[in-house]
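Trainee: Could you put together the complete structure from these sequences and hints?
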Amino acid sequence: MKTPRQVSLPLVLLTALVAVFMLAPITLSVLAGLVNNYSAGLKSGLTLRWLSEVWELYGGTVAASLLLALLCVLGNLLIGIPCAYALARSRSRMARVFEELLTLPVAVPGLATALALILAYGQISGFRQSYAFVLVGHMVFTLPFMVRTVSSAFQRPELYSLEEAARTLGAGFAQRFMGVLLPAVLPAIVAGCLMVFTLSVGEFNLTWMLHTPLTRTLPVGLADSYASMRLEIGSAYTLVFLLVILPVLWGLQAAGTLIEKHHGR
Amino acid sequence: MSSSTFAPPRLLLACAAPAAAFFAAFWLLPAVQLLALPGKLGWGTYCVVLTNTRYLQSLLQTLGLSLAVTLATLVLGGLVGITLARSRFAGRKLLLSLLALPLSFPGVIIGFFIILLGGRQGVVADLADALGLGRVTFAYGLAGLFLGYLYFSLPRAIVSYTAAAAAMDFPLEEAARSLGASRWRVVRDVWLPELAPTTLACGAIVFATAMGAFGTAFTLASKFEVLPITIYNEFTNYANFALAASLSITLGLITWLVLFLSRRAAGPAAAGA
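So the sequence lines, in the order shown, correspond to chains D and Z. In terms of the numbering used here, the first sequence opens at residue 20 and continues consecutively. In terms of the numbering used here, the second sequence opens at residue 9 and continues consecutively.
I should point out that these hints are in silico values taken from the structure, not numbers from a laboratory. Keep in mind that a hint or two might mislead.
With the Cβ distance kept under 8 Å, some of the chain Z side facing chain D (calculated, not the full set) [as the list claims (entries may be wrong)]:
| # | residue |
| --- | --- |
| 1 | Pro-26 |
| 2 | Ala-39 |
| 3 | Gln-41 |
| 4 | Gly-99 |
| 5 | Leu-103 |
| 6 | Ser-112 |
| 7 | Phe-121 |
| 8 | Leu-125 |
| 9 | Tyr-148 |
| 10 | Leu-162 |
| 11 | Ala-216 |
| 12 | Tyr-240 |
| 13 | Tyr-246 |
| 14 | Ala-252 |
| 15 | Thr-263 |
These numbers come from a predicted model, not from an experiment. Beta carbons: idealized from backbone N, C-alpha and C, even for Gly.
Mentor: Structure below.
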C-alpha cells in the first residue's frame, strides 16, 4: 500500500468545486421532483404527486425503453458474441477491416446514422412506424461495445490452451463453445450486456430522429416534458430515469470488480 | 497465440456472418446512400459547408465551442483526477462513482440541469435576486451551452485521469521535488509527459463527443447554433435532405478523423485505453 501523498489545498478546493458542479444539479433535480412547489422550495412540503403524474403521462415510455433495452441486449447476444469470437480468433486482414468498420457508428455522430437509416428505410412505413426501427438504430450503435468487450475476453491466452485441451479430449465445436468458452468469458458478457442496456436506455441522439409519436422512449419523453411541462414534472421524470439506470450501473460496477479480481487488469 | 488450427476460417466466417449481414444492411448500406445523396444535386453540394456562410459559421462555432470545452475538460479533469488519485478519505469510492454517473445520462437531462442552474427559475437567478442583482440567466446562450458540454465531458476525463494518475511514477516526482524542481517544472516535466497518453485519448473522445452532441443544445434551444442543430433543422423543418446529408458527412468525417488520428498517434500500446 502506497502512503497517502500530500495534496495541496488549492487542488482540494478545485476538486470540491468541480464535485459541487457535478452533483448539485442531480440533487436539485431529485428535490425538485419531490417538493410540492419548486419556487417555494422545501417549505412547501414533500409529495409523490409529480411522480404519479409522470407515471400517468409517460409510464408507457418507461416500459417501452426497458423492453427496447432488453431486446437490444438479446440481439447483441445473438449476433455479437459469435462475432466477437470470430474477431478474436481470426488473423485475416478482412477481420481487422470489419472490426474497424464496426466502430464507425460510435465514431460518427448519432444524427448522421439516424439520417442514413431514415433515407434508406423511411419509405417502408410498417418498419418506420414500429419500435423495430428504433431497435435497429440502438443495435447498430451498441454492437461495437458488446463485440469489443467480449472479444478481448476471448483473447486471453489461457483460453487458447483451454480450448485446445477440450478439443484433444474430443469435444466438438458446439460443445467447446457452450461448455468451455462461454462460461470462461461470462463476466465479460455480463458487463457487455449491462453496458448495452445502459446505452440503450439513455440513447437520445439517434432515437429523437428515429421515433414517431407512437414509438417514444424514456429520453424522448424527457425532452417532451422539459419543453412542455412544469419544472416539477420534468424533475420527477428525471428521477424515474435515475431509478431505472442506477441498479444497472451498480451491477456494471460489480461485474467490473469481479472481472478485475478474477483475471487482473 | 498463433494456434488457430481448431478454428477453421469457414467456421469463423459463419460466426461473424449474422453480425456482418446486420451491419451491412443497417449501417453500411444506409451510410453509402447518405454519402451518395448530395451528389445528386451536383458535386458542389459536398462543399456546401464551406460555400454557405450560415453553415460555415455554424461549423466554426461548433469547432470553437468543442475546442474550448475539450481544453477546459482536460485541465479540470486532470487536476481533479490527480487529486482524487492521491487523496484517501471516507467516501472516496462513492464520490468517484457519483462523478462517473453522468456518463450514462442522455444529453437532454444535462440541458435540463443547466436550466435548473441558470434558467429563469434557476438557482443562480434566485441567488442573484436575493443579492439584489436581478434574475441572472445564462442557460440559453453560449455560457449555458459551454457549461452543459463541460458537464457531460468532465466525468470521462475525471475517470481516465484518476486511473492514470494512480499508476503514475511517484518516486520520479519525489526525486524531482527533492532536487529542487518548482511546482511548475514538476507539472511540465513529470505530470504532462506521464499523463500524455490519457490526454491524447481522452481529448479526442471529448472533442468528438462535443462536436456531435445534440440533446443538450436541443433542450436549451440555444441562441448559439451548433452544427448538429443546423443539420436537424435542415432535415426536419426545411426537408433539405441532400444538404442535411452533406453537413452530416462533414461532421462525421471530422469526428472520425480526430478519433482515428488519436489512436494512430497512440500506437498499438494504447489500443485498449
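Trainee: If a hint holds in the structure, say so; if it doesn't, say that too.
Mentor: Now for the hints, and whether the structure bears them out:
1. Given the 8 Å rule on beta carbons, the hint for Pro-26(Z) holds: about 4 Å separates it from the nearest Cβ of chain D.
2. Proximity of Ala-39(Z) to chain D holds as hinted, the smallest CB-CB distance being about 5 Å (cut-off 8 Å).
3. A cut of 8 Å between beta carbons decides the hint on Gln-41(Z): the least distance to chain D is about 5 Å, and the hint holds.
4. For Gly-99(Z), the interface hint is violated, the least distance from its beta-carbon to any beta-carbon of chain D being 11 Å, above 8 Å.
5. Contact between Leu-103(Z) and chain D, as hinted, is supported at the beta carbon level, the nearest pair being about 7 Å apart and thus within 8 Å.
6. Taking 8 Å as the C-beta contact cut-off toward chain D, the hint placing Ser-112(Z) at the interface holds, the least distance being around 5 Å.
7. The criterion of a C-beta within 8 Å of any C-beta in chain D is met by Phe-121(Z), whose closest approach is roughly 4 Å, and the hint holds.
8. With its C-beta approaching chain D no nearer than about 6 Å, Leu-125(Z) sits inside the 8 Å limit, and its interface hint holds.
9. Proximity of Tyr-148(Z) to chain D is violated relative to the hint, the smallest CB-CB distance being about 13 Å (cut-off 8 Å).
10. Annotation: Leu-162(Z) was flagged as interfacial toward chain D, and the flag holds, the nearest CB pair being 6 Å apart, inside 8 Å.
11. Hint on Ala-216(Z) holds. Least Cβ distance to chain D is approximately 7 Å, under the 8 Å limit.
12. Hint on Tyr-240(Z) holds. Least Cβ distance to chain D is approximately 7 Å, under the 8 Å limit.
13. The criterion of a C-beta within 8 Å of any C-beta in chain D is not met by Tyr-246(Z), whose closest approach is roughly 14 Å, and the hint is violated.
14. Among the interface hints, the one on Ala-252(Z) holds; its C-beta lies about 6 Å from the nearest C-beta in chain D, closer than the 8 Å criterion.
15. Restraint check, Thr-263(Z) versus chain D: the minimum CB separation of about 6 Å is within 8 Å; hint holds.
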